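Enquirer: Build the full structure now, drawing on both the sequences and the hints.
Those protein sequence lines, which keep their order, are chains A and B. Every letter in the first sequence is one number past the one before it in my numbering, and letter 145, counting from 1, is 145. Every letter in the second sequence is one number past the one before it in my numbering, and letter 172, counting from 1, is 172.
I should point out that these hints are in silico values taken from the structure, not numbers from a laboratory. Since this is a predicted model, take the numbers as computed values, not measurements. It cannot be assumed that every hint is accurate.
[What the hints assert, rightly or not] 20 Å max Cα-Cα, derived EDC-like pairs, lysine to aspartate or glutamate:
id	chain 1	residue 1	chain 2	residue 2
1	B	Lys49	B	Glu11
2	B	Lys49	B	Glu38
3	B	Lys159	B	Glu140
4	B	Lys49	B	Glu16
5	B	Lys159	A	Glu103
6	B	Lys159	A	Glu20
7	B	Lys159	A	Glu7
8	B	Lys159	B	Asp149
9	B	Lys159	A	Glu47
10	B	Lys159	B	Glu114
11	B	Lys159	B	Glu146
12	B	Lys159	B	Glu145
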Amino acid sequence: MKRCPSEPALVKAYAGAASESLQAHVRSCAGCGERLARIVRDVDLVERTLRAPRPARAPAHAPRWVWAPAAAAVAAAAVVALAVATGPPARVAPGAAPPSDAEVRAAVRDVSSALFLVGEPGAESLSRPSSTAIVQAALAGGWPARSAAGGPER
Amino acid sequence: MSRVVAERVAEPSYDELYAEHRARVTRLARTLLRDPHEAQEVEQEVFLKVFHQLQSGAPRMHWSGWIVRVTVNACRDRRRSGWWRLWRDASDELDEASLASAGRTPEEAALGDEVQRRIWQAFERLPARQREVFLLRQVEGFSTEETADLLGVQVGSVKRHLYRALLRLRAATGGER
Chain A
1 MKRCPSEPAL VKAYAGAASE SLQAHVRSCA GCGERLARIV RDVDLVERTL RAPRPARAPA
61 HAPRWVWAPA AAAVAAAAVV ALAVATGPPA RVAPGAAPPS DAEVRAAVRD VSSALFLVGE
121 PGAESLSRPS STAIVQAALA GGWPARSAAG GPER
Chain B
1 MSRVVAERVA EPSYDELYAE HRARVTRLAR TLLRDPHEAQ EVEQEVFLKV FHQLQSGAPR
61 MHWSGWIVRV TVNACRDRRR SGWWRLWRDA SDELDEASLA SAGRTPEEAA LGDEVQRRIW
121 QAFERLPARQ REVFLLRQVE GFSTEETADL LGVQVGSVKR HLYRALLRLR AATGGER
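Expert: As structure tokens, this is what we get:
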């Protein structure tokens with residue numbers, strides 16, 4: 001007695017893609033006929049569902065990940081813009097001597113004064129560049145130079 | 001020209017063609033496309049082509065096959081041009097509240113709605129060719145040979161696509177895989 005086919009083989013028979021011997025077995029086997037009838041019922045349900053109007057979708061809402069491509073594009077654009085704006089990193093000329101301890105201390109003192117002495121006694125001695133000078137200096141790529149009197153150049 | 005399309009029949013008027021084929025075109029477009037508005041546009045596009053075909057005085061043809069072919073091709077073009085929309089909509093959920101549930105107990109309705117939802121989701125996840133084959137062969141009732149002719153593929157290819165589609169869709173009904 002020939003072994004009954006698997007479920008996928010039966011579906012294949014239903015689709016007309018099975019061998020002639022398998023189709024002959026399905027036609028002659030009561031058990032396979034019953035299983036095939038179940039397949040026909042399932043397919044009929046699919047057909048009826050697809051013939052009916054498609055159910056409406058849930059109210060429009062953005063899927064959680066719909067922002068991902070836009071965010072990736074913005075991030076990529078930001079990285080490119082940053083790279084273009086900053087240019088190549090500053091290089092120390094080969095053979096240049098490293099700053100001395102005194103120079104480093106002076107620089108730290110200047111920064112510290114600028115940060116913490118504003119509005120306090122002694123702050124007026126610091127150079128206070130005007131807003132115009134700041135803009136001009138920023139456009140020129142540096143900090144406003146001090147005038148001979150210690151004030152900002154105008 | 002293919003066998004289905006080339007079969008000669010009496011030349012109908014535009015109104016007759018519209019009345020006879022509109023329901024099928026609508027059904028095909030709405031099943032193959034996710035967006036009902038796009039389906040409507042395809043419907044208009046198809047009948048515009050029908051109109052031009054009639055106006056051009058082209059040889060008589062088997063309109064049923066020709067219209068189905070034009071509809072399937074139009075839907076395919078839409079899917080290609082709107083790939084990003086399909087991708088975007090991939091996680092959309094069907095609105096279960098809108099599924100028909102008249103005349104059933106709440107339990108039956110819930111069970112039926114769930115099965116319908118699964119069937120539609122499974123159908124939408126099928127590759128385009130499997131969807132087309134299943135629709136033409138099982139829903140529209142074309143023979144395997146006619147389906148192959150309409151889609152421009154081999155008969156054996158139709159059988160293979162149908163087999164794969166049946167396996168997946170049947171699993172969605174709760175039947176064995």
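Enquirer: All hints, please: hold or fail.
Expert: Results of checking the hints against the structure:
1. B:Lys49 / B:Glu11: holds, 16 Å
2. B:Lys49 / B:Glu38: Between Lys49 (chain B) and Glu38 (chain B) the Cα gap is close to 16 Å, so the pair holds against 20 Å.
3. B:Lys159 / B:Glu140: Given that 20 Å is the threshold and the Cα spacing comes to 16 Å, the pair holds.
4. B:Lys49 / B:Glu16: Roughly 15 Å between the alpha carbons, so the hint for Lys49 (chain B) and Glu16 (chain B) holds.
5. B:Lys159 / A:Glu103: At roughly 84 Å apart (the allowed maximum being 20 Å), Glu103 (chain A) and Lys159 (chain B) break the hint.
6. B:Lys159 / A:Glu20: Within the cut-off at roughly 14 Å; holds.
7. B:Lys159 / A:Glu7: holds, 16 Å
8. B:Lys159 / B:Asp149: Distance ~13 Å between Lys159 (chain B) and Asp149 (chain B) Cα, so the pair holds.
9. B:Lys159 / A:Glu47: holds, 17 Å
10. B:Lys159 / B:Glu114: violated, 29 Å
11. B:Lys159 / B:Glu146: Since the Cα atoms of Lys159 (chain B) and Glu146 (chain B) sit roughly 12 Å apart, the hinted pair holds (cutoff 20 Å).
12. B:Lys159 / B:Glu145: With Cα atoms ~10 Å apart, Lys159 (chain B) and Glu145 (chain B) stay inside 20 Å; holds.
Comparing the model with each earlier hint shows violations of hints 5 and 10; every other hint is respected.
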